[in-house]
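Student: Chain by chain, the residues:
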Amino acid sequence: MLKVNKVDTFYGKSQALWDVSLDIKEAEIVALIGANGAGKTTLLNTISGVLVPTSGTVEFIGQKIDGMAPHRIVGMGLSHIPEGRRLFVEMSVRENLEMGAYSSRAWKHRAETFEQVYKIFPILKERAGQLARTLSGGEQQMLAMGRGLMSRPKLCMFDEPSYGLAPRLLREVFEAIKSLREQGITILLIEQNVRNTLDISDRAYVLENGRIALEGKSQDLLKKELIKKSYLGL
Amino acid sequence: MQYLLTSICSLCMVYSGWFIDRLLGKEKRGKWLTSGVLLLTLALVATLPVYGTSYAPILMTTIILYIILAVSWTMFSGPTGYMSLATAAFFGVGIYTAAFMAGDFPPPVFILVGGAASFILALGVGALTLRLRGIYFAIFTFGLVELIRHVLAFIELHVTGTRGRFVFGVDNETIFYYMLGVFVLLMITAYFLNRSKFGLALRSIGEYEAAAAHTGVNVTMVKIVTFAVSAFFMGAVGAIWATKLHYVDPGIAFNPLFTFIPVLMAIFGGMGLLYGPIIGAAFFTLLKEFLTTTLAKYGLGELYMLFFGVILVAAILFMPNGVVGVIQRLTQKWRKGGPVEEHADT
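These protein sequences, in sequence, are chains A and B.
Numbered according to the working numbering, the first sequence spans residues 1 to 234.
Numbered according to the working numbering, the second sequence spans residues 1 to 346.
Keep in mind the hints are simulated off the structure, nothing from the lab.
Even for Gly, the Cβ is constructed at its ideal location relative to N, Cα and C.
Worth double-checking, as some hints may not be accurate.
[Said to hold, decoys possible] Listed below are the simulated BS3-like cross-link pairs for lysine-lysine, each with C-alpha atoms no more than 27 angstroms apart in a straight line:
1) B:Lys197 with A:Lys125
2) B:Lys336 with B:Lys26
3) A:Lys125 with B:Lys28
4) B:Lys197 with A:Lys108
5) B:Lys26 with A:Lys119
6) B:Lys197 with A:Lys119
[To be verified] Just a sample of chain B residues kept apart from chain A, beta carbon distances all over 12 angstroms, derived:
7) Ser7
8) Val37
9) Arg133
10) Phe142
11) Phe166
12) Glu302
13) Leu306
Please model the complete structure; the sequences and the hints are all you need to start from.
Tutor: Structure representation (structure tokens):
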């Protein structure tokens, strides 16, 4: 479904990704783990078109998308829920969700999608008329996820959805991600919370200093010495 | 007498702005009543030349001119937060278009061409500059006014050997009706712009441009198109205004005051809702009229800007969201009888 092939990405003169390849099949949950500054967010930005790789290709449902404008990539069904939520805090919850359905394909079906999103996150329906900035941290994260879903994505990329959340909310967020997969949405998940992430994902890639250091089935990775030492602190 | 009549007509204009805001807020109650009042107020304004003094429509034309400039400036700069100082450039392009065409063509033609010329100029300028942010965009747009003025002055001096142009005049009553017509068109445009998802996108850009791009908004296109639509109205009223001036030269047509005064009016009135800039424009135009005529008796006619400055400083200090903000606070207090609560407007 998504194929990243030998990608190099630069910020100005400094290279952030070296020869990164990644392959995601339909209805998979794939995790991307790594320390701060390993290049996880850079990779997501490269996929969603915010950054353009200097070499290598990105393919989504069989079409080359590197170099394409971000809004067109969203239109194809690839949704990116960025780190730190990036909500429109002075707009209402409903308007934030509407913004998610901005691409013309999703706009037509937005009434229907609203219902689906409200079913996954009932709290958003209760808060529909409130300004986004009046929501709690957990609610804001759910709004960010709900907004990503409003584009009716085939593939969702979550960048640290657990960031700054209390443990109880964390579980809710992970449950929500699992329920998305049951609806046939493919997921690429960035997380620092490695244990939980490997538990819900099928496969995982480990990024280190801008390179893929390790990849494989999540259950296998949990047993690997490197993972245990570096990420699980065992 | 003329102050009373034009003030009443100004209130009618404010009402029509408020009416559109209400429609956009999906307020359904009292639909027939408010629509009826709208027709009544528009009729009241439109018949001003019949019952008013001969000067009343002339003053009202100036008020509507500033209303259109302030509203169309707010249309782009309000939601996006990009401070455009190019109003005088688009206005001046309209003026010069009319200077070339009036006399040979009927007013509707040169008004449309004036608007279209500004629209096209704004498309070009927008494509070049809307990547600039904050102060850089403001400086560039202001530079545009000066650039066009000096280029025109240079051409007149060295190429055509003329100095300014005479503009074929149109009688005051006709000018008044064209101005009113453009106002109605602007209100309709503002309504459709804000009702569509385009308006939603525009506000999201002002709030968080990077996030807007992430959610799939073609931010560059939305900004450029809105910038150009607002420029269309500035150019169109420029073309109307030119027929009132009779004589224009680059200094008159591209006077930077036409940039600053509408901004001042919009800030004073408040930019969140449509009727804000209308209040600001009507208030300041009437105040200017009053001050210049009163002060002129003492030979101090040009000092009115001093008063404008003081009022603006006070407004920014004491009502950061303009008159609209004050009105919203008061109505909420009055309705709930309790502390002011925040909710999503528009």
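Student: Any hints this thing doesn't respect? Which numbers, in order?
Tutor: none
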